[in-house]
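Student: Kindly produce the complete structure, drawing on both the sequences and the hints.
Protein chains: 2
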Amino acid sequence: MANSHAPHPYYPPHVAVQGYAPNTLSVVALVAAFAGVIAAFLVFTLALARRLSPGLKRRRAEQAAFCWFVLCGFLHCFFEGYFVLNHAQIPGSQDLFAQLWKEYALSDSRYVTSDPFMLAIEVLTAIVWGPLSFLVAIYIAAAAATTANTRTRLQRHVLQAAVCVGHVYGVALYYGTCHFAERMRGVSYSRPETLYYWVYYAGLNAPWAVVPALLHYQSVKALTHVDGGAAKKEQ
Amino acid sequence: MANSHAPHPYYPPHVAVQGYAPNTLSVVALVAAFAGVIAAFLVFTLALARRLSPGLKRRRAEQAAFCWFVLCGFLHCFFEGYFVLNHAQIPGSQDLFAQLWKEYALSDSRYVTSDPFMLAIEVLTAIVWGPLSFLVAIYIAAAAATTANTRTRLQRHVLQAAVCVGHVYGVALYYGTCHFAERMRGVSYSRPETLYYWVYYAGLNAPWAVVPALLHYQSVKALTHVDGGAAKKEQ
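Same order as they appear, the protein sequences are chains A and B. For the numbering used here, count along the first sequence from 1 and bump the result up by 86. For the numbering used here, count along the second sequence from 1 and bump the result up by 86.
Misleading hints may appear alongside valid ones.
Said to hold, decoys possible - If you want the ones that stay clear, here's a sample from chain A, every Cβ over 10 Å from chain B, calculated:
id, residue
1, 92
2, 120
3, 124
4, 129
5, 144
6, 150
7, 157
8, 179
9, 224
10, 256
11, 290
12, 293
Unchecked claim - Estimated spans, in silico, between C-beta atoms of each pair:
id, chain 1, residue 1, chain 2, residue 2, range
13, A, 272, B, 117, 33 to 39 Å
14, A, 110, B, 237, 54 to 60 Å
15, B, 271, A, 289, 26 to 32 Å
16, A, 284, B, 289, 56 to 62 Å
17, B, 117, A, 289, 45 to 51 Å
Stated by the list, open to error - Which chain B residues face chain A? A few, computed with CB under 8 Å, are given here:
id, residue
18, 207
19, 209
20, 210
21, 231
22, 232
23, 244
24, 247
25, 306
Don't read these hints as lab results, they were simulated from the structure. Just so it is clear, CB atoms sit at the ideal spot from N, CA and C, and this is done for glycine as well.
Tutor: Written out as structure tokens, the structure reads:
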């Protein structure tokens with residue numbers, strides 16, 4: 087491990103990063119490896135789901151939703167779970183996930199400083215939203231089965247709605263804390279270059295504002311759909 | 087305004103609080119005034135709701151839920167909205183809400199330091215969860231009306247479920263950020279006395295972990311209730 091006063095590329099420049107060691111892999115290699123792992127995981131889980139729930143095959147939108155929640159589950163449980171377990175060692179580590187976090191942290195140094203807000207939100211993401219994302223994916227597959235009953239479909243949307251609210255709220259707080267750190271404290275956690283600020287920080291998180299909003303709307307429609315005027319008893 | 091280096095009672099002791107001026111009202115007077123304002127608001131809104139939606143009168147649990155969301159709406163829009171608009175002036179101000187915030191901040195100094203996390207979460211609470219809490223209260227009253235249709239009842243529970251997820255997630259992050267600030271930075275935002283740590287910090291926020299969990303369960307039951315085996319079409 088390098089010593090704690092080694093120079094580092096993170097913002098703000100004076101921030102203390104313990105034991106920083108520069109990445110050994112190129113950005114292209116890191117992104118390719120990560121994309122490969124994720125693609126393999128998605129291909130495998132989607133194939134498994136289509137096999138176990140053949141009804142899924144005919145429903146493109148549902149397959150896309152399934153893949154979205156599997157992606158969320160993977161990132162939350164494994165990638166963000168890695169951060170939760172190893173945050174203090176990340177700056178000096180060289181395994182794939184550590185190098186990916188060091189690269190991403192160029193756009194948000196809180197990931198290499200054991201920031202209390204990052205830890206709080208990532209712990210909840212890894213242990214609550216990650217498993218629930220996988221559960222939604224399972225429910226999507228189950229609800230697409232030809233034998234699926236109405237209750238399964240409703241449960242899927244109740245669960246999907248909850249995860250979507252969590253995602254939108256979480257990403258709003260993620261952007262919000264950065265905004266107010268800059269406005270109130272003059273602290274920017276991101277390097278100013280377009281790649282870091284706009285592509286990593288703004289761009290990579292934006293899907294968690296957009297996709298969950300769309301999926302929440304889908305769930306709201308499904309949950310408030312009243313069938314042919316039949317009175318549904320209030321519980 | 088006192089100068090920015092005036093001594094103050096907040097934790098950690100070295101934290102900078104701009105322009106602190108001690109409260110002019112006693113704690114008993116502050117709590118009595120706040121409780122009085124809230125009670126008056128609840129009595130008025132509940133009476134109005136019972137008048138407009140007589141069906142509410144016979145439903146004690148629904149009246150309690152109505153009052154809960156009106157309480158949330160009041161606190162989010164007005165009390166927390168006050169913080170959002172006036173956070174920088176609170177330490178030196180003497181109006182009722184400023185004095186209440188100065189008293190509460192003995193258990194969490196982030197409310198007198200324009201903390202970026204507090205600002206991010208309180209802005210969202212004031213402009214999203216506050217109005218939505220009032221909207222849930224309106225839906226509860228509307229759904230209790232004898233003429234209410236099924237769709238209104240379902241919409242109420244979809245909205246209630248979303249607000250409840252927001253509440254539970256928000257309070258988890260509130261406690262979580264304090265926990266990790268203490269664990270990673272050795273920083274406690276609360277004075278150590280029982281009144282501040284256990285009554286204000288732990289106690290006053292705990293209802294937002296418990297009540298929304300119960301109300302979310304109510305909504306889940308209502309939304310996944312399948313009427314007499316009738317098949318409900320997936321949208």
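Student: If a hint holds in the structure, say so; if it does not, say that too.
Tutor: Verification of the supplied hints:
1. 92: 20 Å, holds
2. 120: 26 Å, holds
3. 124: Residue 124 of chain A clear of chain B: closest Cβ-Cβ about 25 Å, beyond 10 Å.
4. 129: Residue 129 of chain A clear of chain B: closest Cβ-Cβ about 26 Å, beyond 10 Å.
5. 144: Holds, since 13 Å exceeds 10 Å.
6. 150: Answer for residue 150 of chain A: holds, closest chain B Cβ roughly 16 Å.
7. 157: Non-interface label on residue 157 of chain A holds, nearest chain B Cβ at 20 Å vs cutoff 10 Å.
8. 179: The claim holds: residue 179 of chain A sits with its nearest Cβ about 18 Å from chain B, beyond 10 Å.
9. 224: 16 Å, holds
10. 256: Non-interface label fails for residue 256 of chain A: nearest chain B Cβ at 7 Å, not farther than 10 Å.
11. 290: It holds; residue 290 of chain A is separated from chain B by about 19 Å at its closest Cβ, greater than 10 Å.
12. 293: Answer for residue 293 of chain A: holds, closest chain B Cβ roughly 19 Å.
13. A/272 <-> B/117: 33 to 39 Å: 37 Å, holds
14. A/110 <-> B/237: 54 to 60 Å: 58 Å, holds
15. B/271 <-> A/289: 26 to 32 Å: Holds, since residue 271 of chain B and residue 289 of chain A (Cβ atoms, about 30 Å apart) stay within the stated range.
16. A/284 <-> B/289: 56 to 62 Å: At roughly 44 Å between Cβ atoms, residue 289 of chain B and residue 284 of chain A fall outside 56 to 62 Å, so the hint is violated.
17. B/117 <-> A/289: 45 to 51 Å: 48 Å, holds
18. 207: 6 Å, holds
19. 209: Hint on residue 209 of chain B: holds, closest Cβ of chain A at ~7 Å, below 8 Å.
20. 210: Constraint on residue 210 of chain B satisfied, holds at 6 Å.
21. 231: 12 Å, violated
22. 232: 12 Å, violated
23. 244: This interface hint holds because 5 Å falls under the 8 Å limit.
24. 247: Check passed: Cβ of residue 247 of chain B comes within 6 Å of chain A, closer than 8 Å.
25. 306: It holds, given that the least Cβ distance between residue 306 of chain B and chain A is near 5 Å, below 8 Å.
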